[in-house]
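Now for the letters of each chain:
2 protein chains.
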Amino acid sequence: MALIRNIKLVIEYDGTNYCGWQRQHNAKSIQQKVEEAIESATKVFSKVIGSSRTDAGVHAKGFVCNFFTESSIPSRNFKEALNVFLPEDIVIVESKEVDKEFHSRFNSIGKKYVYTVLTGSHRPAIGRNYVYYFNKNLNIGQMKEAAKYFLGTHDFSSFKKSGSSVKTSVRTIKELNIDIDGNYIKFSITGDGFLYNMVRIIVGTLLDVGTNRFNPEDINKIISSKDRSNAGKSVPACGLTLEKVFY
Amino acid sequence: MALIRNIKLVIEYDGTNYCGWQRQHNAKSIQQKVEEAIESATKVFSKVIGSSRTDAGVHAKGFVCNFFTESSIPSRNFKEALNVFLPEDIVIVESKEVDKEFHSRFNSIGKKYVYTVLTGSHRPAIGRNYVYYFNKNLNIGQMKEAAKYFLGTHDFSSFKKSGSSVKTSVRTIKELNIDIDGNYIKFSITGDGFLYNMVRIIVGTLLDVGTNRFNPEDINKIISSKDRSNAGKSVPACGLTLEKVFY
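If you read the protein sequences in the order shown, they are chains R and S. Counted from 1, the first sequence has number 1539 at position 211 by this note's numbering; the numbering is strictly sequential. Counted from 1, the second sequence has number 1396 at position 68 by this note's numbering; the numbering is strictly sequential.
Among the clues, some could well be false.
Since the list can't tell identical chains apart, any single copy or any two copies may satisfy a pair.
Unchecked claim - Computed cross-link-like contacts, SDA-like style, restricted to lysine to any residue with a CA-CA straight-line distance of at most 20 Å: (1) Lys1389 x Gly1510; (2) Lys1361 x Arg1451; (3) Lys1389 x Asn1457; (4) Lys1407 x Phe1462; (5) Lys1424 x Asn1394.
Derived from the structure by calculation, the hints contain no laboratory data.
Work out the full structure: start from the sequences and follow the hints.
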C-alpha cells in the first residue's frame, strides 16, 4: 500500500471572482479550484482542509490548508505541480509534508489580517479590487487612540455578524496597527482567532471614530454592551487580505 | 449659439480589459468608453483627442485628453458627471476648461511612464494585472549602470517596434530610475516623447543587462546600431503605467 502523506499548502489568491474559500453549490470557490488541481495532478480526489472560511471577495497572501495523498509527487514539488492547473488568480506559494496529526484549522494559534482603505479625491480604477474607497476626512490620531481599546482579551459579541453561532465570542487581539502610506490606510490586525465579519466590523467602527461619530473611549462601551447594533458597519470584503496563519 | 468650451480631462484607467486608448472596430477601447460617457452626460457626441495611444493592457494614472462641448455642465463638474457613466476600471481624476488652442497630443512636452517588475519564488495572484513577473536573479547594480546610457538625446531606432512610421526616431530621455521595494522593481522613465513600444523594449534590454546577457556599456553600441534586433525583447504591456503627461 502506498505511503499516505499529509501535505500543507500556503496559498495566495485574489478572491474577487470567488464565493470565498469554502465549496458551495452554484458558486466558484477557492477550495474547489485547489481540489480540482490536486485531482488533475494526482489523478485522485483529495478533500482539502482549510484554516478558515474566507468571505466572497476577500483575498489571501498566506492562506493555509492541508490534504492527505498517496501520490508519489515529492512534497515540495506540489507547489509547481498544482500551479500548472490553477487559474491565474490562485497560486501555491509553498508546499511541504507535515506531521499526520497536523490540521490546518484546529492547530492554528492565530491569524494576521490587513484591511486597506483608500482615501483621496476619486475612486480608484487601478487596484480597485484590493481596497475600500472612503472619501471622508479622517482623524487618524483618534483612530489610533481607539485601536488600543481593542487590544487584549474581550468578549467581541458586538463585533460579530448576527446569526453566526460559535461556542464563545471571547477572542484575544495582540496587534492592531494603523499605518498611513500616501492615500492608503492599512489596518493590521493579529489575534488568536476572529469571529464572523469581526475584522470588517472593527475597521468600520474605527472609521466611525475617524469621522467623529464615536470617541476613542466609546470602544470600551461598545465592547461591554455585547450588542452588534452598537458597533459600526461591516466594511466591504474587497479591502481585506488574510496575510498569515500562525501555528 | 451656445458657448463652445475646450475641456481637459485627466484619466486613471486599468487597461486590462481594453484594446488600448484608441477606438478600434470589434474591440473595447478607453476612448470609446469616455466618448460614450460624454454623450450620456451631454446628450451630444464629442470626439475626444487623446495625448497618445496606449497599447492593449497598458494602464494610466494620468492620461490626458480634451474635447469641445457646448454643454452647460460646469467644467469642474464634468469629473463627477462622467464618472457616473464610466465603468469601474476608468475614472476621471480631474476636469477643467482650457484654452481653445489646447491640443492634448500636439501640446504635450513630455511623459512619465513607470514599469513594474515583480521577482520572487512564485507568480502573483493579487495584483497580477499590474506587474510583469520575472523570476531570474538580477544584478541591479549593473542595471542601474546601464540605465545611465539611455539618458540624453539619441536616435532610438533600436528601441522602436519595427513597422512603426514616425518622422524621426530621435528622442530625449530625462530620467530613468530603477527603485527596489521588496520584490518589486520600478523603472521610472521620463522623456519628451516615446516611440512605439520604446519603454517596453528599454526595460526588456535592462533585464538582459540584469541577467548578464549584456554589459552596461553594450547599451551605447545597441543605440548606435539603430537596429531593433540588437536590443532586448519587449516586455509585456501589463507592467506599464502612464503616470503623467507634461505640458
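Hint check results:
With identical chains, the CA atoms of Lys1389 and Gly1510 are at most 20 Å apart between copies only, with a shortest distance of 15 Å across copies and 22 Å within one. Only between protomers do Lys1361 and Arg1451 lie at most 20 Å apart by alpha-carbon distance; the minimum there is 17 Å, versus 31 Å within a single protomer. Proximity of Lys1389 to Asn1457 under the C-alpha cut-off of 20 Å is found in both arrangements, the shortest distances being 15 Å within a copy and 16 Å between copies. For a Cα distance limit of 20 Å, the shortest separation of Lys1407 from Phe1462 across copies, 17 Å, qualifies, whereas the shortest one inside one copy, 37 Å, does not.
Taking the shortest alpha-carbon separations for Lys1424 and Asn1394, only the intra-copy value of 10 Å comes in at or below 20 Å, while the best inter-copy value is 56 Å.
Consistency note: the structure conflicts with none of the earlier hints.
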